[in-house]
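**Student:** Sequence:
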Amino acid sequence: MYFVAGEASGDNHGAELMRSLRQLAVDLHFIGRGGPRMKATAGRQFHDWIGNAAVLGLWEVIRNYGYFREKFRETLSEIEKSKPDAVVLIDYPGFNLRLARALRLRIGAHKIVYYISPQVWAWNRGRIKKMARFLDLMLCIFPFEADLYNQSGLRTVFVGHPMIERLRACKVDIERDPNLVALFPGSRSREVRKIFPVLIEAAHKLRRRKPNLRFEVAAASDELAQEMDEILDRSASGGQDRQRSRRKPSDVDGKREALTSGKRENQSFEIRTGEAATIMQRACAGIVASGSATLEAAYFRLPFVLIYKVAWPTYLAARLVVSVKYLGMPNVLADKEVVPEFIQHRAKGRAIANAVLRLIDEPFTREQMISEFDAIIAKLGEGGASDRAANAIINELG
1 MYFVAGEASG DNHGAELMRS LRQLAVDLHF IGRGGPRMKA TAGRQFHDWI
51 GNAAVLGLWE VIRNYGYFRE KFRETLSEIE KSKPDAVVLI DYPGFNLRLA
101 RALRLRIGAH KIVYYISPQV WAWNRGRIKK MARFLDLMLC IFPFEADLYN
151 QSGLRTVFVG HPMIERLRAC KVDIERDPNL VALFPGSRSR EVRKIFPVLI
201 EAAHKLRRRK PNLRFEVAAA SDELAQEMDE ILDRSASGGQ DRQRSRRKPS
251 DVDGKREALT SGKRENQSFE IRTGEAATIM QRACAGIVAS GSATLEAAYF
301 RLPFVLIYKV AWPTYLAARL VVSVKYLGMP NVLADKEVVP EFIQHRAKGR
351 AIANAVLRLI DEPFTREQMI SEFDAIIAKL GEGGASDRAA NAIINELG
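Residue numbers (this note's numbering): 1 to 398.
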């Protein structure tokens with residue numbers, strides 16, 4: 001089977017799907033493009049291209065157009081030469097939808113499976129009928145998507161959300177700290193540069209109202225942790241809110257240990273790498289960048305507000321095509337604003353701080369949000385998404 005994933009989340013889901021497929025057919029051979037987890041599962045012939053492929057925003061794609069054109073041609077050529085039984089495309093619609101169309105037109109015979117539907121229901125529902133012409137099977141992770149695709153004649157299976165099983169394994173028995181606020185500025189460098197300064201501003205305003213508050217910042221990688229540390233340096237030279245801990249890898253088991261930045265009495269910021277699930281279960285409230293982390297926060301019952309900010313050309317281009325009322329998936333699934341959204345020009349430190357204060361100070365507001373989260377997560381299945389997806393693929397192959 002030939003796999004294509006272009007982002008870190010797709011790499012995680014792809015590796016889990018590969019393992020589930022191998023349990024059904026031990027002699028399966030995987031090739032393609034993804035990230036380090038998929039490569040570790042598939043073997044040496046698999047390409048790890050996530051570092052270059054995971055770009056964000058229209059202008060970043062345009063700047064890297066030559067790279068993507070070259071990799072597109074290479075991928076088509078590899079599939080033609082290897083003649084896999086199936087091509088499994090995981091999310092990453094800008095690349096994968098074009099690839100699926102080209103495969104159907106040029107090769108035709110392969111089974112083409114799409115795992116984790118592109119959010120065409122948000123920006124172009126008219127593409128669903130076109131997708132039905134060049135895909136054989138759509139594997140959806142949100143329940144409402146199956147109805148949309150089935151109406152087009154595309155065979156569709158709702159498998160549940162693959163995060164459920166992974167997050168269940170991350171649950172820990174710890175008490176929430178009433179003075180701890182979680183900050184999630186995003187998983188890409190461009191997101192962090194736009195969003196983290198706003199989170200710092202909101203944190204400063206929160207500390208003026210509640211001086212005992214501390215902030216744990218979730219970093220997706222050591223490189224992003226370093227970038228966040230530099231943003232903190234620039235944002236508060238000499239102020240006490242600059243106090244923080246730096247992170248470095250452990251030389252024993254890959255865990256991170258906190259290093260204090262000088263002998264300071266207070267530490268208002270701690271940047272932690274690879275500890276998102278623990279932070280979500282320890283904090284009393286959070287500020288979370290739009291993305292998969294919003295559903296993870298809902299799963300862990302962390303009351304939070306949502307932030308998102310991109311370059312203005314990207315935002316204006318998105319406004320022309322996006323047709324949904326909400327950006328955050330918890331709100332999309334609930335079809336109402338469960339989580340306050342602060343997007344683009346509304347992403348201001350004072351407004352965000354005021355919303356977080358309500359979550360900290362008003363038990364009813366906090367408990368009502370948590371109750372909504374429980375109903376939202378219940379819609380995503382009980383786990384086992386990778387196993388159901390693997391069974392659906394094997395059945396499709398006959």
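Derived from the structure by calculation, the hints contain no laboratory data. It should be emphasised that the depicted structure is a prediction, and the values quoted were computed from it without experimental measurement. Cβ atoms here follow ideal geometry from the backbone N, Cα and C, with glycine treated the same way. Treat the hints with care, since some could be wrong.
As the list claims (entries may be wrong) - Have a look at the derived ranges for each label pair, beta carbon to beta carbon:
{"id": "1", "residue 1": "L397", "residue 2": "D177", "range": "43 to 51 Å"}
{"id": "2", "residue 1": "Q119", "residue 2": "R346", "range": "17 to 25 Å"}
{"id": "3", "residue 1": "L24", "residue 2": "A311", "range": "42 to 50 Å"}
{"id": "4", "residue 1": "L316", "residue 2": "G66", "range": "21 to 29 Å"}
{"id": "5", "residue 1": "D233", "residue 2": "G108", "range": "38 to 46 Å"}
{"id": "6", "residue 1": "G66", "residue 2": "R358", "range": "30 to 38 Å"}
{"id": "7", "residue 1": "N179", "residue 2": "G66", "range": "26 to 34 Å"}
{"id": "8", "residue 1": "R44", "residue 2": "N212", "range": "30 to 38 Å"}
{"id": "9", "residue 1": "E382", "residue 2": "D85", "range": "27 to 35 Å"}
{"id": "10", "residue 1": "C170", "residue 2": "D335", "range": "21 to 29 Å"}
{"id": "11", "residue 1": "D85", "residue 2": "L105", "range": "39 to 47 Å"}
{"id": "12", "residue 1": "E175", "residue 2": "D233", "range": "42 to 50 Å"}
**Student:** Each hint should be assessed against the structure and marked as holding or not.
**Tutor:** Okay, the hints, checked on the actual structure:
| no. | hint | result |
| --- | --- | --- |
| 1 | L397 - D177: 43 to 51 Å | holds (50 Å) |
| 2 | Q119 - R346: 17 to 25 Å | holds (21 Å) |
| 3 | L24 - A311: 42 to 50 Å | holds (44 Å) |
| 4 | L316 - G66: 21 to 29 Å | holds (25 Å) |
| 5 | D233 - G108: 38 to 46 Å | violated (56 Å) |
| 6 | G66 - R358: 30 to 38 Å | violated (48 Å) |
| 7 | N179 - G66: 26 to 34 Å | violated (50 Å) |
| 8 | R44 - N212: 30 to 38 Å | violated (52 Å) |
| 9 | E382 - D85: 27 to 35 Å | holds (30 Å) |
| 10 | C170 - D335: 21 to 29 Å | holds (28 Å) |
| 11 | D85 - L105: 39 to 47 Å | violated (19 Å) |
| 12 | E175 - D233: 42 to 50 Å | violated (32 Å) |
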